[in-house]
Amino acid sequence: MSALLEMDQLMDKLEAGLRGLLKERDIESPVLIGIRTGGVWVADILGKRLGIEEPFGELDISFYRDDFSRIGLNPKVTPSSLPFDTEGRDIILVDDVIMSGRTIRAAMNELFDYGRPASIILATLIDLGARELPVQPDVAGQTLALDAQQRVKLRGPDPLRIELQEAGQ
Amino acid sequence: MTANAASPNHLQLTRDGQLRHFLTLDGLNRELLTDILDTADSFIEVGERSIKKVPLLRGRTVVNLFFEPSTRTRSTFELAAKRLSADVLNLDINTSATSKGESLSDTLLNLEAMASDMFVVRHAQSGAPHFIAESVTPGVAIINAGDGRHAHPTQAMLDMLTIRQHKGAFEGLKVAIVGDVLHSRVARSQIRALNELGAEQIRVIAPGTLLPTDVESLGCTVEYDMVKGMKDLDVVIMLRLQKERMEGALLPSEREFYRLYGLSQEKLALAHPECIVMHPGPINRGVEIESAVADGPQSVILNQVTNGIAIRMAVMSMAMGGQVAERQHKLAELIERGPA
Numbered sequence: 001m002s003a004l005l006e007m008d009q010l011m012d013k014l015e016a017g018l019r020g021l022l023k024e025r026d027i028e029s030p031v032l033i034g035i036r037t038g039g040v041w042v043a044d045i046l047g048k049r050l051g052i053e054e055p056f057g058e059l060d061i062s063f064y065r066d067d068f069s070r071i072g073l074n075p076k077v078t079p080s081s082l083p084f085d086t087e088g089r090d091i092i093l094v095d096d097v098i099m100s101g102r103t104i105r106a107a108m109n110e111l112f113d114y115g116r117p118a119s120i121i122l123a124t125l126i127d128l129g130a131r132e133l134p135v136q137p138d139v140a141g142q143t144l145a146l147d148a149q150q151r152v153k154l155r156g157p158d159p160l161r162i163e164l165q166e167a168g169q
Numbered sequence: 170m171t172a173n174a175a176s177p178n179h180l181q182l183t184r185d186g187q188l189r190h191f192l193t194l195d196g197l198n199r200e201l202l203t204d205i206l207d208t209a210d211s212f213i214e215v216g217e218r219s220i221k222k223v224p225l226l227r228g229r230t231v232v233n234l235f236f237e238p239s240t241r242t243r244s245t246f247e248l249a250a251k252r253l254s255a256d257v258l259n260l261d262i263n264t265s266a267t268s269k270g271e272s273l274s275d276t277l278l279n280l281e282a283m284a285s286d287m288f289v290v291r292h293a294q295s296g297a298p299h300f301i302a303e304s305v306t307p308g309v310a311i312i313n314a315g316d317g318r319h320a321h322p323t324q325a326m327l328d329m330l331t332i333r334q335h336k337g338a339f340e341g342l343k344v345a346i347v348g349d350v351l352h353s354r355v356a357r358s359q360i361r362a363l364n365e366l367g368a369e370q371i372r373v374i375a376p377g378t379l380l381p382t383d384v385e386s387l388g389c390t391v392e393y394d395m396v397k398g399m400k401d402l403d404v405v406i407m408l409r410l411q412k413e414r415m416e417g418a419l420l421p422s423e424r425e426f427y428r429l430y431g432l433s434q435e436k437l438a439l440a441h442p443e444c445i446v447m448h449p450g451p452i453n454r455g456v457e458i459e460s461a462v463a464d465g466p467q468s469v470i471l472n473q474v475t476n477g478i479a480i481r482m483a484v485m486s487m488a489m490g491g492q493v494a495e496r497q498h499k500l501a502e503l504i505e506r507g508p509a
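Those sequence lines, one after another, are chains C and V.
Under this note's numbering, the first residue of the first sequence is numbered 1, with each subsequent residue one higher.
Under this note's numbering, the first residue of the second sequence is numbered 170, with each subsequent residue one higher.
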């Protein structure tokens with residue numbers, strides 16, 4: 001596995017990628033929405049770096065997961081909170097890690113129940129590959145290929161750090 | 170959480186302590202009750218979206234089995250199931266097969282054969298939902314929507330949600346339940362929930378003829394004089410005078426009852442100035458409660474109705490989740506055991 005970048009470097013890459021994309025697409029006032037829990041921490045930092053003054057939204061996707069019929073309801077669900085109208089807005093959807101793509105599918109299904117956004121950009125801190133659905137991030141801090149028994153986990157919010165775990169530990 | 174065979178929990182909970190039926194609050198601990206309230210909070214947020222629906226119970230069938238008439242409870246259960254994306258069948262049993270002589274068990278087995286996943290049961294007989302869960306259709310999640318004088322657990326939980334919304338927590342709260350406790354399944358469930366969630370004081374205020382004989386054993390104090398009982402209250406819960414359940418001379422007259430136990434502005438003024446007023450509905454204006462109080466600034470009666478949808482969504486999705494988790498467990502066991 002390639003070495004994991006420092007958090008600051010990851011954020012720099014994510015910020016630069018987003019700035020480029022926003023410019024290219026002529027988006028002037030995007031809003032940030034983080035997926036709980038890690039995505040919310042990343043959205044918080046990105047908001048400050050990009051100078052987005054509007055408060056970011058928080059999405060809890062528990063009611064939209066595709067594994068309800070296998071494991072039931074997440075007992076620790078908390079209310080989603082979008083402090084703005086999403087209708088017609090350009091949204092930057094933020095998560096800490098993308099792997100299968102199932103979380104993002106659930107998040108997009110949930111988002112559309114609030115209204116019809118003009119566009120959605122997907123930004124993730126880390127892209128682990130191993131996709132099971134045709135969902136790709138527009139911007140990622142780093143792409144990693146993990147060994148089968150390795151996992152990454154974002155800890156935070158202060159300081160934000162990434163832990164690499166060997167399965168079974 | 171351990172399931173004890175002597176408690177109702179061996180029936181209500183999965184081996185992991187998840188809900189799989191919702192029959193009574195007896196035996197459910199503070200942690201689980203709090204989980205229900207927290208989950209309902211998330212469903213309240215769903216109710217404020219432009220599309221008030223989540224896909225949790227998509228493709229599942231919920232049957233409302235009402236053996237007793239009800240408007241509010243049945244319609245909020247129906248709306249809750251629909252907002253969870255379930256298919257809903259409403260059966261008014263009085264006009265259905267039972268009147269053609271089919272037994273209750275046969276009716277239920279037929280519904281189960283239609284691949285129903287959940288029955289919401291309202292029945293005049295105490296223990297009917299429990300009986301169905303235990304003996305008739307064990308693979309179907311059963312939600313008690315009120316059984317006889319026994320329990321009405323979703324009503325009690327929506328009341329708890331309303332109290333928590335307005336008061337923040339249960340610690341230190343003084344709560345009174347006023348009126349026809351004898352015929353009230355709600356009161357029993359409320360007293361149980363308030364005790365488990367840590368309310369400081371639970372008073373029942375009623376004439377002796379409308380109190381069950383062992384009422385203190387439920388975990389409350391009794392006050393016959395409402396003027397004394399209103400002092401320092403944070404929450405007053407009025408009960409409906411169940412006229413249809415009154416047999417014999419329990420009351421001198423409705424007017425006399427209102428004078429002594431009706432909630433007037435005068436009596437409400439004796440409570441804490443921020444005391445909230447609750448009523449499970451339907452209200453009898455001028456019998457238990459003065460119109461000016463029911464419609465007044467301290468009344469949260471309509472909040473209770475809104476919260477009823479969220480609580481029912483929470484309980485239904487949690488019980489359905491418990492059923493599917495249980496099925497997965499059993500499947501895994503069968504696979505592990507291998508071919509016989």
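Hints may contain errors.
To be verified - Below 20 Å or equal to it, Euclidean Cα-Cα: the simulated EDC-like pairs (lysine to aspartate or glutamate) are:
(1) V/LYS222 / C/ASP66
(2) C/LYS76 / V/GLU369
(3) V/LYS221 / V/ASP210
(4) C/LYS23 / C/ASP67
(5) C/LYS76 / V/GLU385
(6) C/LYS13 / C/GLU87
(7) V/LYS499 / C/ASP67
(8) V/LYS397 / V/GLU385
(9) V/LYS221 / V/GLU200
(10) C/LYS13 / V/GLU200
(11) C/LYS76 / V/ASP394
(12) V/LYS222 / C/GLU24
(13) V/LYS251 / C/ASP44
(14) C/LYS153 / C/GLU54
(15) V/LYS222 / C/ASP44
Quick caveat, the hints were computed from the structure, so don't treat them as lab data.
Hint check:
no.: 1; hint: V/LYS222 / C/ASP66; result: 16 Å, holds
no.: 2; hint: C/LYS76 / V/GLU369; result: 27 Å, violated
no.: 3; hint: V/LYS221 / V/ASP210; result: 14 Å, holds
no.: 4; hint: C/LYS23 / C/ASP67; result: 38 Å, violated
no.: 5; hint: C/LYS76 / V/GLU385; result: 35 Å, violated
no.: 6; hint: C/LYS13 / C/GLU87; result: 29 Å, violated
no.: 7; hint: V/LYS499 / C/ASP67; result: 17 Å, holds
no.: 8; hint: V/LYS397 / V/GLU385; result: 18 Å, holds
no.: 9; hint: V/LYS221 / V/GLU200; result: 27 Å, violated
no.: 10; hint: C/LYS13 / V/GLU200; result: 43 Å, violated
no.: 11; hint: C/LYS76 / V/ASP394; result: 43 Å, violated
no.: 12; hint: V/LYS222 / C/GLU24; result: 36 Å, violated
no.: 13; hint: V/LYS251 / C/ASP44; result: 35 Å, violated
no.: 14; hint: C/LYS153 / C/GLU54; result: 28 Å, violated
no.: 15; hint: V/LYS222 / C/ASP44; result: 28 Å, violated
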